[in-house]
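Chains as they are written, first to last, in our numbering: chain A, 1 to 428; chain B, 429 to 902.
Be careful, since some hints might not be right.
To be verified - If you anchor each label on the Cβ, the simulated ranges turn out as follows:
(1) A/K332 with B/K818: 57 to 67 Å
(2) B/P521 with A/K290: 55 to 65 Å
(3) A/L356 with B/T507: 51 to 61 Å
(4) B/T507 with A/D38: 39 to 49 Å
To be verified - Far from chain A, by Cβ distances over 12 Å, these chain B residues were calculated:
(5) G669
(6) P715
(7) S810
(8) N899
Said to hold, decoys possible - Once the Cα atoms are required to be at most 30 Å apart in a straight line, the calculated BS3-like pairs of lysine-lysine come out as:
(9) A/K90 with B/K496
(10) B/K842 with A/K265
(11) A/K259 with B/K498
It is worth saying that the hints were derived from the structure and are not from the lab.
C-beta: ideal position from N, C-alpha, C; glycine also.
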Amino acid sequence: MAKEGDYIRIITEDEEFKGILMPRPELLEKGIKVIKLDTGYNLGIDEKRIKKIEVIEKYTPKVHKKRKISFNKKLPTVSIISLGGTISSKIDYRTGGVYADYTAEDFVEMCPELEKVANIRARKALSLMSEDINPNDWKDIAKIIFDELKTCDGIVVTQGTDTLHFTTAAMSFFLKDLGKPVIFTASQRSIDRGSSDAFMNLICAVSAAAKFDFAGVASCLHGTLNDDYCILNRGVKVRKMHTSRRDAFRPVNEMPLAKVFPDGKIEVLNKDYKKRSGNDCILDNKFEEKTALITIYPGMDPEIIDFYIRKGYKGIVLAATALGHVPVLVKKYSLEQYLKKAYDKGVAVVIASQTLYGRTHPYVYSNLRKLSIGLRCIYAEDMLPETAYIKLGWVLGNTNDIAEVRRMMLENIAGEINMRHQPSSFLY
Amino acid sequence: MDEKKDYKKIGFRCGIEIHQQLDTHKLFCKCPSIVHDNNPDITFTRKLRPVAGETGEIDAAAMHEVLKGKYYAYEACSTSSCLVEMDEEPPHPINEEAVRIVLEAAQHMNAKIVDEIQVMRKTVIDGSNVSGFQRTALVAYNGHIETSKGIVRIQSICVEEDAAKKIETTKEYTKYRLDRLGIPLIEIATDPDIKDPEHAKEVAEKLGMILRSTKVKRGIGSIRQDVNISIRGGARTEIKGFQDLKSIQKVIEKEVDRQIELIRKGKKINQEVRKAKPDFTTSFLRPMPGAARMYPETDVLPVKASFDGIEMSELIEDKIKRYVGKNKISPDLAKALAKSDKADLFDNAMKKFKNLKSPFVAETLVSAPREIRRKYNIDISSMADKDYIKILDYIDKGMIPKDAMLEVMIDFTKGKFDISKYKGISEEDLEKEVKDAIINNKGASTGALMGMIMAKFRGKVDGKRVMELLNKFS
């Protein structure tokens, strides 16, 4: 029986093909055998035509010797924690399969520059697809970082890009009183290609973790479409704003903290951050899973709110329109009676804006006042809806007292509320 | 070396590889396939890093280059490039029209097609592909064409992306333009069945003819030929950069001479890529690349391939035969017409207009524009097919005399066409004009009278009729 990677001969009625048997991705049409010819090309052969398959040579994957990395006492130590995602996956060029297995040696081999920046330690903690990460993972990730923090000068975390900003927001609340940088990075282009953004992202992230005088959680990915510098964005003020561009991670409602250049230069753009300290970080990774994030849109069925209330949800974030509106006029579409029910049941309702940019306002229009004064909805200032969701889950993990929930939601804890907006931060 | 060489005796082996741009939008995005020199409105820079090979090891020399800081600069126009070329958006599904064109060409070359087309990433490290790889897919194999010196087998027929064009090299960076990147190419590789240099030219011509019979781009840079040559005791060299088909034969002859000479002197011949120069000699371009690393392009789904529903266009050589045989057009004109982009228009016109003779229509479509350029230095190549049809329709209905053709075409191009200008004068009026001319110009020769009348009524009267009247009344 031929296995993937084996060198085989396929014999059909009138033809014969020699090559490497390739894997067939799941979900693709069945009934096709794919082989890689000696020319390098793959070829799909209809299985109905195949009379016989002979194995010419069995495949044994090559194990390559890893280079040793030395320890340099003069350099800071950075721990790279990999959670999965493109940046820490390798391709098996023979079969085209992708697998995740990254050691410190692999990172250094991929980016030799790292050796001059820091002593690299690597830890493959989890292997998660970004879209599958859930609140339990956040709790685990926080614990892993918390443990690792004690023995290094800074941490780099790699994960898939899709929900990276949820993870950075969660870590911003879960890791209290950080005295060191925790820098998240990722890549938008797979690292089998020489043009991948992974290399510069990793170098810049390690540079920032090693020597930037910053304590907190931030993301570090491309600032532009050029491979020129990365931008460091506060973990609670960053969002993935493009499906595929390498500069997809943008700051929202503030300037990036800094530009980080691959040669190690760091240019601060926003001085509003904490410096490194000897603080012992406190792990506070409680999270109320019965927290929801709902997007408001014209024509939506307002009963969705009732659904969550009946399921016992403790808190709901509404990504409302602009300043913080939801439909209230027409009975069929009005959220009013359901928000009233939420209020009566003690369910916290937080209002953020789906415009992402700008601040919500509880009083400008009478309908806003209806929500803010009448129904006691919590207007979350300029917090991103995703950040508001993470924060609400974390707050509810700590308290059920609605007055305390309100107080904590409106208190700026990790830089999630910026009370002074400058024009330059819009669409940065 | 003047005497004719016996190429069989010297162990001559030669195969051709042809890259031809297809006339459709780009292969993995919806950008139009246009190469132009507009000012770029997009610029960006990238670094390309060597990545781990099959063994998991990274090439040290290549990494050294990167660490020195060399980078690639790219420029593009938003009219012809999008995020896909910039490697900032995943590829769209493969352009189905491009696949159809390649399948059609494959059928003309009697090739077998794969059951399923698998798109590959071929690693390219010179920056000419922003992504660091070229997307390419094998579509057909084991074909053949017939030539005067026997069958030449076709090894493979692929569809692939064209690369970006290099425009500047400095110590710090290499600069490329992106408009060409992603234009679909058909790549045809023959087996080394070519018998001699003259045969190479014939094979290149034949393949070119087949390709031009399908929907491919025309003009400079749209087709590129590479030739692989070796002789016994020599080494395989690949020659690129032929100016035109005519030079192929001479360049191969000179390359064979070069190898013979080196063997005679006992020198080693390197496997290498050489560049054809205008004087038909070649110069070293780069070492022969090793087998390129190819691995699957997982962002593009494989495509089922079948000849079903592929419309086969008539080959140019068959068209020429038909024009000469059925349409009674002179061989030269038939050839020019068949090779031009007016062949379909001609066939349509012949179906539509019953009063027009085929040589006249062919001349209108092929010779007239050339004549206008030569005589009046006016370029009418932009004239639309529907305008040709309009003009032919007027002539078919007798509303415009044939003699007025050039003038009408010029007016059309300038947007000044007015049918009333060409309205012929009535038979009685013409008779009167002729009589008056004879009376008023006593003693003038028939030729002179003819000239006078034609000058006055240029484009409105048929010269043949005027001559008849002159002969009748003088």
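So if I understand the rule, the pair passes when the alpha-carbon distance is 30 Å or less; does A/K259 with B/K498 pass? Holds - the C-alpha atoms of B/K498 and A/K259 are around 21 Å apart, at most 30 Å.
Pair hint outcome, A/K90 versus B/K496 [Cα-Cα no greater than 30 Å]: Holds, at roughly 25 Å.
Could one say that the CB atoms of A/K332 and B/K818 fall in the range 57 to 67 Å? holds, 60 Å
Distance restraint evaluation - B/P521, A/K290, Cβ atoms, bounds 55 to 65 Å: This hint is violated: roughly 42 Å between Cβ atoms.
Was B/S810 rightly flagged as not at the interface, with every chain A Cβ beyond 12 Å? holds, 37 Å
Are the Cα positions of B/K842 and A/K265 separated by 30 Å at most? Judged against 30 Å, a Cα distance of about 62 Å means the pair is violated.
Checking the smallest CB distance to chain A, is B/P715 really beyond 12 Å? Fine: 19 Å to the nearest Cβ keeps B/P715 off the interface.
Given as non-interface: B/N899, which should sit over 12 Å from chain A by C-beta: Fine: 74 Å to the nearest Cβ keeps B/N899 off the interface.
Given a hinted range of 51 to 61 Å, is it respected by the beta-carbon distance of A/L356 and B/T507? violated, 31 Å
Holds or violated: 39 to 49 Å for the Cβ distance of B/T507 and A/D38? holds, 41 Å
Would the least Cβ to Cβ distance between B/G669 and chain A come out above 12 Å? Holds, since 24 Å exceeds 12 Å.
The structure fails to meet hints 2, 3 and 10 from the earlier list, while all remaining hints are met.
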